Amino acid sequence: MKIELAHDSLAAKIYDKVSLEEKNLRKVEKFIQDRYAFYLSRDVLLTRDELDYIKPYRDQVDISAEQRQFIRKSEAATTRRRRILAAIVAGVFLAISSLAIYSLIQRNDAIAQTELAQKNEAEAQKNLKEAQRQEKLAQEQRQEAENQRQRAETQADIARKASTLAEQRAEAERVATRLAQAERKQADLARERAVKAREEALQAQNDEAKQRALAEEAQKAAEENYQQAKRLLRLSVAQSMAARSLQLDENQKQLKAKVAQQAYAFNKKNGGNRYDRTIYEGLYYATRELEGPSFNQLNGHRSTIRYMTYDQQGKQFFAGGGDGRLLRWSWNESVVEGKQIPQEVRRITNRDMALSPDGRWLVTAQFQAPYLQLWDLGQAQASAQTLPDFDMEILDLAFLPDGKGFLTLGADQLIREYTLGKDEVREIAQHAQAMRAMAIRPNGQEVAVIGEAGELVIWDINQDKGQTPDVVLKSGDISLYAVAYNQQGDRLVIGDEDGIAYVYGASRRNLIAQLPGHTARISDLKFSHDGKYLASACYDGSVQLWVVGQDKYETRLPIILRDHNSWVMSLAFSPDDQHLLTGGRDGQIKIWPTQPEMLASDICQHLEQNFTAQEWALYVGSDIDREATCEQLPLP
0 MKIELAHDSL AAKIYDKVSL EEKNLRKVEK FIQDRYAFYL SRDVLLTRDE
50 LDYIKPYRDQ VDISAEQRQF IRKSEAATTR RRRILAAIVA GVFLAISSLA
100 IYSLIQRNDA IAQTELAQKN EAEAQKNLKE AQRQEKLAQE QRQEAENQRQ
150 RAETQADIAR KASTLAEQRA EAERVATRLA QAERKQADLA RERAVKAREE
200 ALQAQNDEAK QRALAEEAQK AAEENYQQAK RLLRLSVAQS MAARSLQLDE
250 NQKQLKAKVA QQAYAFNKKN GGNRYDRTIY EGLYYATREL EGPSFNQLNG
300 HRSTIRYMTY DQQGKQFFAG GGDGRLLRWS WNESVVEGKQ IPQEVRRITN
350 RDMALSPDGR WLVTAQFQAP YLQLWDLGQA QASAQTLPDF DMEILDLAFL
400 PDGKGFLTLG ADQLIREYTL GKDEVREIAQ HAQAMRAMAI RPNGQEVAVI
450 GEAGELVIWD INQDKGQTPD VVLKSGDISL YAVAYNQQGD RLVIGDEDGI
500 AYVYGASRRN LIAQLPGHTA RISDLKFSHD GKYLASACYD GSVQLWVVGQ
550 DKYETRLPII LRDHNSWVMS LAFSPDDQHL LTGGRDGQIK IWPTQPEMLA
600 SDICQHLEQN FTAQEWALYV GSDIDREATC EQLPLP
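Numbering (numbering that gives the first Met the number 0), first residue to last: 0 to 635.
Simulated from the structure, these hints should not be mistaken for lab results. There's no promise every hint is true.
Stated by the list, open to error - Distance ranges between label pairs, derived from CB positions:
1. Phe294 - Gly504: 36 to 44 Å
2. Ile477 - Glu626: 27 to 35 Å
3. Ile83 - Leu617: 17 to 25 Å
4. Asp322 - Arg81: 33 to 41 Å
5. Gln631 - Phe294: 15 to 23 Å
6. Ala627 - Asn298: 33 to 41 Å
7. Asp48 - Pro515: 16 to 24 Å
8. Ala410 - Phe294: 35 to 43 Å
What the hints assert, rightly or not - Derived SDA-like pairs (lysine to any residue); straight-line CA-CA distance at most 20 Å:
9. Lys267 - Arg584
10. Lys54 - Gln246
11. Lys268 - Cys603
Owing to the predicted nature of the structure, the values given are computational and were not obtained by experimental measurement. Cβ coordinates follow ideal geometry from the N, Cα and C atoms, glycine included.
Work out the full structure, taking the sequences as your base and the hints as a guide.
Here you go:
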């Protein structure tokens with residue numbers, strides 16, 4: 000049913016009479032046409048979620064044959080991706096099973112080494128006993144030699160007294176001496192043999208100890224390999240379960256939540272990546288099914304969320320939309336107060352805004368005159384002061400870190416500084432090329448500006464107009480759309496029209512990281528206050544949350560947040576960095592936990608029971624012992 004609207008009031012009355020089903024058909028037709036146009040320009044097919052969305056209406060919608068062929072091509076591509084994923088999971092499982100068998104073989108070898116060591120120990124004990132017997136025999140021989148010596152001396156004494164037997168006595172002494180020497184020599188030989196036997200016994204003991212140590216090391220290595228294989232198996236199962244939970248529909252929300260929660264538990268217990276994108280996505284959509292689609296959604300706008308900002312005290316945040324509304328939410332310990340009833344500050348079509356660090360002053364830029372207004376939020380009723388010195392369209396604006404004033408980037412490519420309380424305006428710099436956005440370094444000394452021609456230039460805030468900028472990048476063949484500093488002031492990130500974010504060192508101007516993943520223009524970039532996270536919003540409808548180290552960027556993939564129905568236009572981290580707010584073209588503001596455990600801690604509160612034995616065997620595996628996914632619930 001097609002209706003031409005000639006007048007807004009008449010259109011509203013006619014539109015109210017159109018059935019809900021007809022509206023849905025028109026909405027789906029519009030969605031297919033937009034996605035088909037995006038496919039023609041970017042060659043991006045429909046995702047599984049998008050196919051599921053249009054499936055109930057595909058036989059009723061009024062679309063062209065080319066658009067229906069586009070839908071069939073998207074379904075075929077999705078089927079191929081599922082088959083490839085299944086093949087990858089099977090390969091990983093086969094590799095892990097082989098590792099487990101190898102670990103068992105090593106354990107058997109360790110047992111054999113232990114038995115050999117015990118045999119060597121028995122042989123050593125036998126040699127020790129023989130050495131002790133030889134030593135005892137040597138002692139007896141020494142005693143006998145001593146007795147012989149004493150008898151020889153007696154005989155020599157008798158010979159000396161008997162003069163007639165003098166010769167016999169001398170001979171007896173010589174004989175006795177030779178006999179004693181021979182016996183002493185035998186005793187020395189016996190003692191040497193005993194010492195040698197003792198040394199051999201000690202060597203045997205040392206060899207036995209070495210064999211035992213080798214056996215213990217082999218057994219320990221086998222056990223470590225077994226545990227490693229077991230850990231890798233659990234991580235593989237966790238990935239498979241998280242992916243499987245995403246396939247379960249809303250009619251299986253209890254099962255979907257159990258599968259996602261157990262995948263998270265396996266990943267955590269076995270040292271998996273805390274910020275694994277599949278684990279996070281499983282937890283998020285399980286929570287969404289349990290609590291409803293609006294569990295992390297703020298309602299208030301009806302069209303594009305152009306900007307969002309907090310004050311540094313974290314007591315409030317503002318959001319402005321294409322519907323002309325400027326809304327203020329109160330914020331208390333990561334909780335939005337008055338979630339569904341924000342305060343409306345004003346109603347006018349805004350281009351951008353900036354909030355002073357103390358939360359008192361709000362400056363807004365409009366698409367038409369007056370182009371710039373300053374709001375005193377300290378008053379009971381916020382009032383606006385028009386700034387006449389700004390008589391052209393403002394492309395971007397930002398408060399200085401000390402809160403004493405703000406900078407503006409005008410359509411005339413002129414950067415100006417406005418000082419609060421003095422109503423003074425100072426021209427800082429003017430660029431010859433068309434510029435889009437700017438960001439102030441937290442030290443308040445410089446401002447980074449990006450342009451349509453792929454330029455990134457740095458201006459000194461303390462100098463006046465006429466200064467020469469520091470040109471960091473001048474590609475000339477690609478447009479830039481977003482720029483941001485981190486709170487520490489040592490990193491600068493820019494985003495281009497191809498969806499790539501480039502991270503530079505703010506001091507040395509060196510490229511540190513190149514972060515891909517998006518498939519369209521990057522619309523906004525934000526670092527968290529502690530510098531741990533970097534978020535990027537994109538026209539492809541997704542947000543990427545990168546986990547960054549002190550001076551290292553993760554080589555693993557980022558968490559992808561993709562629950563908006565259209566482009567994501569703006570980003571803001573909560574004051575404690577535990578949540579990321581995203582604003583979309585669909586008028587929705589979504590609150591995303593930055594830590595997966597925050598989602599996991601909520602799921603068990605909604606579950607009714609743990610896995611049954613049949614569910615465990617089907618979704619986890621019969622070769623893994625069943626455990627309680629939620630400790631407070633009994634095992635069925």
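Need the list of violated hint numbers for this structure, in ascending order.
2 and 9
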